[in-house]
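J.: Go ahead and model the full structure; you've got the sequences and the hints to work with.
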Amino acid sequence: MLRPSKPFCLLYLSYSLACIGDRMWNFAIVLILGRLGGMRLVAINQFTKGVTGILLSSCNASIAALATFLTVCISVNLEHSRSNVFDTENIIYGIFLFFSLLVSAVSRCASGGQKIVYTKDWVVVMAQSLDSESLSSHNSMMFAISQTTAVIAPLATGFIFVSMGQRLACALLGAWNLISWIMEHCLLSNIYRLVPELANRRNICIALNNIDPKEIERLLNEKEREIFQPTCFWKKVWSIYSRQQVFHVSIGYSLLYMTVLGLGGVSISYGK
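Taking the working numbering, the leading residue of the sequence shown gets 3, the next gets one more, and so forth.
Since the hints were made in silico from the structure, they are not lab data.
Be a bit skeptical, because a hint or two may be false.
In silico lysine to any residue, SDA-like type, Cα no more than 20 Å apart, as pairs [stated by the list, open to error]:
| # | residue 1 | residue 2 |
| --- | --- | --- |
| 1 | 8 | 238 |
| 2 | 8 | 237 |
| 3 | 117 | 238 |
| 4 | 117 | 137 |
| 5 | 117 | 185 |
| 6 | 117 | 146 |
| 7 | 8 | 189 |
| 8 | 117 | 12 |
| 9 | 122 | 101 |
| 10 | 117 | 200 |
| 11 | 122 | 197 |
| 12 | 122 | 7 |
| 13 | 117 | 97 |
| 14 | 238 | 253 |
| 15 | 122 | 132 |
| 16 | 8 | 112 |
| 17 | 8 | 132 |
| 18 | 8 | 173 |
| 19 | 122 | 138 |
| 20 | 122 | 163 |
| 21 | 117 | 142 |
| 22 | 117 | 101 |
| 23 | 117 | 138 |
| 24 | 117 | 154 |
| 25 | 8 | 250 |
| 26 | 122 | 248 |
| 27 | 8 | 154 |
| 28 | 8 | 193 |
| 29 | 8 | 129 |
| 30 | 237 | 248 |
| 31 | 122 | 154 |
| 32 | 8 | 19 |
| 33 | 8 | 191 |
| 34 | 122 | 187 |
| 35 | 122 | 112 |
| 36 | 122 | 38 |
| 37 | 117 | 100 |
| 38 | 8 | 136 |
| 39 | 117 | 252 |
| 40 | 8 | 130 |
T.: Rendered as structure tokens:
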């Protein structure tokens, strides 16, 4: 195996920072929310992430903001446990908890969008322009980085929580994500400078000029009908899908994944 070029080394390092920060926080937030509100709050957080993931995207700065909100929530929660006066503190707690869940959902979109850019866009362009190893070898390296951080991050997070406590651990993870965000920015800027092809976009207009205008109009009309007839569209899709041989297996596996194989926040909180 050839030694990767400098742009790919920077890409691997940046992707490692993104993965380990994301994995650490995804594990930590379950423990924190489980302490603050139990399984119900963890389930609400999971639902909010799923809904917001359809609409938004962001970056690691969201995780830093989320850590700040949750640190305040933990502090207020600890003070409330020591006294019975909780009028003003209750309002502060609710506000910061709401924004924590909201920013958590936004940061979840960050992770998905960032990984798409790394693994589906930049690595393809860089493999084509640098003429180094095959695309499959680079994808294998990215996958290995992702799986390695999936093992290391929970262990590191658990050690930090046991040794430092939840309040300091939350603040430390937030600071780490903010620092890693700055480091990723510097690394990606260097990659963008070293690989000029990343700044170029393919000219779609040239391809459109080769298509008959009547064909374009027909496709636009079909698309417009699909938009205004979503019920018929999804009914047709479901009808075609239900006739496939793998229909029952895929539905069963999907239901199984949603319960015990997903290893989401609810599973981790219940195991704790």
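J.: Verify the proposed pairing of residue 122 with residue 138, using a straight-line Cα cut of 20 Å.
T.: holds, 12 Å
J.: Hint check: residue 122 vs residue 38, CA-CA at most 20 Å. Holds or violated?
T.: Violated: residue 122 and residue 38 sit about 37 Å apart, past 20 Å.
J.: Given the proposed pairing of residue 117 with residue 137, does the C-alpha separation stay at or below 20 Å?
T.: Within the cut-off at roughly 16 Å; holds.
J.: Does residue 8 pair with residue 154 here, judged by a C-alpha cut-off of 20 Å?
T.: violated, 25 Å
J.: Take the C-alpha atoms of residue 117 and residue 12, compute the straight-line distance between them, and say whether it is at most 20 Å.
T.: At roughly 15 Å apart (the allowed maximum being 20 Å), residue 12 and residue 117 satisfy the hint.
J.: Is residue 122 within 20 Å of residue 7, Cα to Cα?
T.: holds, 19 Å
J.: Compare the distance between the alpha carbons of residue 8 and residue 129 with 20 Å, and conclude whether the hinted pair is satisfied.
T.: Given pair residue 8, residue 129 holds - Cα atoms ~12 Å apart, limit 20 Å.
J.: When you check the alpha-carbon spacing of residue 237 and residue 248, does it fall within 20 Å?
T.: Cα-Cα ~18 Å, so holds.
J.: Quickly compare the C-alpha distance for residue 8 and residue 132 to 20 Å and report which way the hint goes.
T.: With a Cα-Cα distance of about 10 Å, the restraint between residue 8 and residue 132 holds, given a limit of 20 Å.
J.: Could you grab the alpha-carbon distance between residue 122 and residue 197 and see if it respects the 20 Å cut-off?
T.: holds, 16 Å
J.: Checking one constraint from the list: CA of residue 8 to CA of residue 112, max 20 Å. Satisfied?
T.: With a Cα-Cα distance of about 26 Å, the restraint between residue 8 and residue 112 is violated, given a limit of 20 Å.
J.: Tell me if the straight-line CA distance from residue 8 to residue 250 falls inside 20 Å.
T.: violated, 47 Å
Of the hints listed earlier, those the structure fails to meet are numbers 1, 2, 3, 9, 13, 16, 18, 20, 22, 25, 26, 27, 31, 36, 37 and 39, in rising order.
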